[in-house]
Amino acid sequence: MAGGTGGGETIMATREFAAHEAHAHAAPQGFIRKWVFSLDHKVIGLQYYFLALTAVLVGMFLSLLMRIHLIWPNITLPLLGDIKPETYLTLVTMHGTIMVFFVLTTAPQGGFGNYFLPIQIGAADMAFPVLNMLSFWVTALAFIVMLGAFFVTGGAPLHGWTGYPPLSAVPTAGPGEGPGADMWVISIALFCIGALMSALNFITTTLDMRAKGMSMMRMPLTCWAWFITAILGLLAFGVLFSAGILLLLDRNAGTSFYVPLTVFSGQIVAHKGGSPLLWQHLFWFFGHPEVYIAILPAMGLCSQLVSVFSRKPIFGYKAMVYAMLSIGLLGFMVWGHHMFMSGMSPYSAFAFSIMTMAIGVPSAIKTFNWLGTLWGGRIRLASPMLFAIGFVSLFVSGGISGPFLAQPTLDIPLHDTAFVTGHFHLIMGVASIFGIFAATYYWFPKMFGRMMNESLARWHFWLTFVGTYCIFMPMHYAGMAGQPRRYSQFTELHYLEKLIPLNTFITFAAFVTISAQLIFIFNLFWSMKAGKKASDNPWEATTLEWTTATPPPHDNFGGHTPVVYNGPYEYGVPGAPRDYVMQTDPTTVAAH
Amino acid sequence: MASYTPTVSIDNPRTSTGGNGALPPDWGSAGDNFGSHFFDTRLRRARLGLVVGLTGIAMIFISFTSAYVVRQGLPTLDPRTNALLHDWFPVPLPRLLLLNTLVLLISSITMELARRQAARKACAQFSSMPGVSVDAKSEMSWLALTVVLGLSFLTGQWMAWRELAANGFYVASSPSSSFVYLLTGMHGIHLFGGVVALLSAGFASLLRRSADSQSILVDVTGWYWHFMALLWVYILCLLEFVH
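Residue numbers (the working numbering), protein chains in the order written: chain A, 1 to 592; chain B, 593 to 835.
In short, the hints are calculated from the structure, not lab data. Glycine is no exception: its CB is placed at the ideal position from the N, C-alpha and C atoms. Accuracy of the hints is not assured; some may be wrong.
Between beta-carbon pairs, the in silico distance windows are [said to hold, decoys possible]:
no. : chain 1 : residue 1 : chain 2 : residue 2 : range
1   : B       : Glu832    : A       : Tyr164    : 46 to 52 Å
2   : B       : Val788    : A       : Pro553    : 41 to 47 Å
3   : B       : Arg754    : A       : Glu492    : 57 to 63 Å
4   : B       : Leu690    : A       : Tyr164    : 54 to 60 Å
5   : B       : Ile781    : A       : Gly81     : 42 to 48 Å
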């Protein structure tokens, strides 16, 4: 027997107490225990996913309002009325916060990581299921509190997703800086707690629950990515949590950690001696690793998909692992590059600059390996692959402006312009989102037992791919031409008049791209009900999730524990009956 | 039989350091009857989880430490003279804190005694080891004593806060007093978490928790408790000596 397509017949070894254990972890009955307060990592993964989906709709709507306001500043919107400058800043703040925390951090790690990490390493669940449930519900609560900020006196805050004090620390500093800002800080602190618990679970599960034969270097790169992301989360979210506590104390207990002696609205604040730079250091010590928290899972997934759909082993598996590890490590040493504008010793700036450009090396290794995997492959351009290639494209396009911004002399003129908006949206925003789309199209058959509609998926891909480039590439030019970011109105500035057509183009591109997402939403829900029935291994992939039933049973492998004999990327194996060998296939041993 | 060669050929499946895909610990009533192997797996996993969790907690206090050090060196603007001056002056710490430290260190010892009793009990459950006597009562009394000492420490910390306030040092009085309250408060909250865990271990039978689960809970809370004691000594040294 060789190259099984999955199912129980390829799972060779079981241990006797597995059956007992399965019994100990019997599937819950009843709606509440099964779908609401579930301990099952698969249900929790779906909960995270749908939380992120809700959040992305909110975030997208806010971005649309911003784009409309930028080119038609005097328009009155039905139900919403005028967008005042401070309302625009609120939109900027909430769009950024919701997208970074509740979409880019939540979906790739909390959603797909929760669902597929245990299955891909051959475990029956996460290490601590109760903690896993708590992580989700704390995150959900954080999201509710965040949305609640819109509905309190003064509305949502306007201090940006980076929450720089003294603006964020003084309740009288502006509309929305009262209760709304408190709710923002509390939401972030709650999110940190959820993320820390989740990181704990991911790390313990990866280190301690791998199936027999699943050595670290036989893990799929997705698992490596989730593992490294969890380590980054563990080290970074604690710092943001501390920063948030200090901010809450400054806001409510009269302390002066961040607030210097300053004047707001003609009045001296009741603080003195604090340092706004302290917040910036703490925040960006979290904030830069956060960029990698958002993108690493997409990198892992992209590596997986490029290999599966090129029918070739990944080019340089170990190099990929080490590149991700070094990106994670370097990510903690570069926070200062967000603060060139804040003023720092030129020596520090130089060091941060060099470290930042050093990240280009592992990033280039990864890109080279993706291309190396594609090279000469028998490429199957299915929708997950389209999005994976789209990811590589966006990663390169967005990443290439990184070394520009890493240099203080270039960063200072570009920092407060739309150039930066274009840069981080391409690389951190859209690239990660493409990872989420790719993961959705790839794993949907396993999660829901049906295929997504391929034609709709292609429409979705091309409109989104072209659309996002049309939105974010012109922003680089607008930025170089001096268009400031965060300004609610620029149309009346004489020197920016020539940029009005470009901005109008961006806004229309945003309309089209956002509309294209409706295709995705429709495809997602329609396919759950009416999609073509999926086989257990529709993509002919080798990893463990494709050896089990579709959708996986409660204990993932139906009372068995898989034993792993092969690496995760055995594609195009010469002489094999099929062109791939499952990780659980023991015949390779017999052949040897 | 197939005769192909995989790109990565491996003679035998290597046994990973993982738990062979074993199920996660069950927090309900199950887990008693699966033998010492299963218990060991659960214990190892819980300890690993604890180490990871403590890393996260350590990061929180490392951030506070860096803020503490940075804030000390910052000058502030005097609006009357328009000159920069240093406004950091250390808060005289109440002597009571030394007594509290002693109480916490003693509680760490009682915690260790309870943890060792729990470990013995778990060993004896799976093998009749001659010469190992299991005294469930003594474990419970060490646990109870640890809880009492832990609560005494927290009460002592509260009294130290009162003393600080009586001397005119409130949370917002000065930069250093802010840090004293912040660090002692955050440590107190974490230690209180340990007290709750111990209480839940103590009432394991009421909570329908198995003997295994109780032993594991006592074990990891023990290590957590030691970490908290160490953390406290660190915080005290930071507040007293780093100026």
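Comparing the hints with the structure gives:
1. B/Glu832 x A/Tyr164: 46 to 52 Å: Violated, since B/Glu832 and A/Tyr164 (Cβ atoms, about 33 Å apart) do not stay within the stated range.
2. B/Val788 x A/Pro553: 41 to 47 Å: 35 Å Cβ-Cβ, so the 41 to 47 Å window is violated.
3. B/Arg754 x A/Glu492: 57 to 63 Å: At 59 Å between Cβs, range holds.
4. B/Leu690 x A/Tyr164: 54 to 60 Å: Given about 40 Å between the Cβ atoms, the range is violated.
5. B/Ile781 x A/Gly81: 42 to 48 Å: Holds: the Cβ-Cβ distance is about 44 Å, inside 42 to 48 Å.
Consistency with the previously given hints fails for numbers 1, 2, 4, ordered from lowest to highest.
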